[in-house]
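S.K.: As a plain string of letters, each chain reads:
Number of protein chains: 2
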Amino acid sequence: MTEIIGILGGGQLGRMLSVAAAQLGIKTHIYEPAANPPAQDVAAKVFTAAYDNNEALKEFANSVDVITYEFENIPAKTLEILEKITPVLPEKIALATSQDRAVEKRFLQKLGLSVAPFAEVNSLKDLNAAFAAFGTSAILKTRRFGYDGKGQVKITAPGQTEDAFISLNGAPAILEGFVDFEREISVIAARNKHGKVSCFDPGENIHRDGILYSTTVPANLSHTMETDAILLAARILNALDYVGVMGVELFVTKGGLVVNEIAPRVHNSGHWTQDACLIDQFQQHIRAICGWPLGDGMRHSNATMVNLIGEDVSHLNKNDGTGIHLYGKKDIKPGRKMGHYNRISPKTA
Amino acid sequence: MTEIIGILGGGQLGRMLSVAAAQLGIKTHIYEPAANPPAQDVAAKVFTAAYDNNEALKEFANSVDVITYEFENIPAKTLEILEKITPVLPEKIALATSQDRAVEKRFLQKLGLSVAPFAEVNSLKDLNAAFAAFGTSAILKTRRFGYDGKGQVKITAPGQTEDAFISLNGAPAILEGFVDFEREISVIAARNKHGKVSCFDPGENIHRDGILYSTTVPANLSHTMETDAILLAARILNALDYVGVMGVELFVTKGGLVVNEIAPRVHNSGHWTQDACLIDQFQQHIRAICGWPLGDGMRHSNATMVNLIGEDVSHLNKNDGTGIHLYGKKDIKPGRKMGHYNRISPKTA
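Residue numbers (this note's numbering), protein chains in the order written: chain A, 1 to 349; chain B, 1 to 349.
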């Protein structure tokens, strides 16, 4: 029986995973290089150490029954050390796949899923050739370590390729063509070690400045497309023999669903589940990695989640009838996720 | 602005208050004499010290912005020391009233509310006289420190009074007549410092062996009686100039509502709010004591809460579609509250 879960990363996702674990009677230990992480207020123990501190990693691994993570950029060596002592879930194949945009897209294509047109870029020559082939504007993205729009440059004319390439600082990249989409949705899917998959209803996402602004459920989707989205998510989780919760971002296009990206962890676009589902994405993830049966993703309400980014949190209306979730971060910075709120209404579909 | 809340008592109510505070971005410090209390896994700091340890009390009070409690039997001297340093909410009048069954009943009578017939018992002579006056079976209850059926003896014949009196060990008591009730309900009510009152819908309680077994919402009540219950609860909170959440237990009788008892804290019969309301009783209490606006008690679903007592927790069905709440207690003991679960269904009324 799992009594203590180790979590790599002490940000808001680690914090909300800790709370979910506590609700299920389970303690958490947090491993985080930065001091005073948001998760520390609700964790039984915090390890403050770098991801290459082998002694600290071993002590951490020995102190817990299972290890999970709140972000995907965990160094391969860190994982290797931890895994020798304690199981890490989701397993490293999911991390290896999602850490690299090129690997991820090839994996998805192999499953028969559509992705945005892309080309690998290892030189300016690659970039010029790819841009010429797309024949229109495109986005240059580093293959690794990108999130919330970081590591991305938009290119709209051939003359911009050189500056864009230099901005990469030599990082391997891809050039990604634009997808003509009607809307973006995401499916929060869970799978346990017995292969049982459970999905929450797809949510419709709105981004601002490359950062998720809101998610609304139900998404404006045909029944067929909703089913497609769920089957497609399940195919991805099954292919990775995945254990835990995954966020699958999809573009809705005239030609069907195109996979934007996958995140092998609880996901910002699943925060609506906290107030609109009996078992939310955080509890679902804890259930999966602890070998509990999964919940069925049952939703009792419609919901809209809105992120509180930077100064948004100073203008939060606490009298607005919404479910408020704050991350306990002291310093307000532009672009920093400070919290979110969920507005719910009676379920319509 | 409240950044840190101090909580007296580290049991499951303290634990769930800590989680609610964390959801609202607020830290908690727990003060608890016993080692390894359930709340410690989700608190920023734990003070392990006795309630008469003045130094520890002062250090605790100085470390927080406001103090609250998860149980009502806090020594008056403890409160006195804390209050000089940091506000304690709900204020001591509520504690003084609810700590003593005789004081509580007289307070309720003064408000024009019905209570069970009772007589103070300070001697065997008092007891015999009271039992003769009631003329039927009755319950001898210590005035202070009773919970979950503790400190209570049923008397069904005059010959039992002497043994019952001896069992008190000299503690002041009351003899309470039985109330012929159809059902028992409770109202979880909140009030903030501006005098705004908000109540959750009344829940219907079932007890087993003197311990709450389940609470179901909506209760089987006429609309008039539901309104009566809410108005009556508001009258109690207003009379005490109360700030925080209170549990008000009521008997439903042919002649109307009779107040059983009040608890100046979050209450077991309000645990259903965790999964059937956007803002639950724990968040509501945190909001009240931190000076936030109250939520409106909005309920999105019907619910039944079932306590997991002692070995119940070993037989918990994790695959049952319920919202599970475990308290992280290691040792299972008969009568010990180990957790609870909530089953929800679409709202009908």
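Hints listed in this document are in silico derivations from the structure and should not be mistaken for laboratory results.
Where hints are given, some of them may not hold.
[Stated by the list, open to error] When the alpha-carbon atoms are kept at most 25 Å apart in a straight line, the in silico DSS-like pairs for lysine-lysine are as follows:
no.	chain 1	residue 1	chain 2	residue 2
1	A	K193	B	K318
2	A	K84	A	K110
3	A	K92	A	K58
4	B	K196	A	K45
[Unchecked claim] Not close to chain B: a few residues of chain A, all C-beta gaps over 12 Å, as computed:
no.	residue
5	A22
6	K45
7	L111
All residues carry an ideal CB built from backbone N, CA and C; glycine is no exception.
S.K.: Hint compliance check: list the failing hint numbers for this structure, sorted ascending.
M.R.: Hint check: 2, 4, 5 and 6 fail, others pass.
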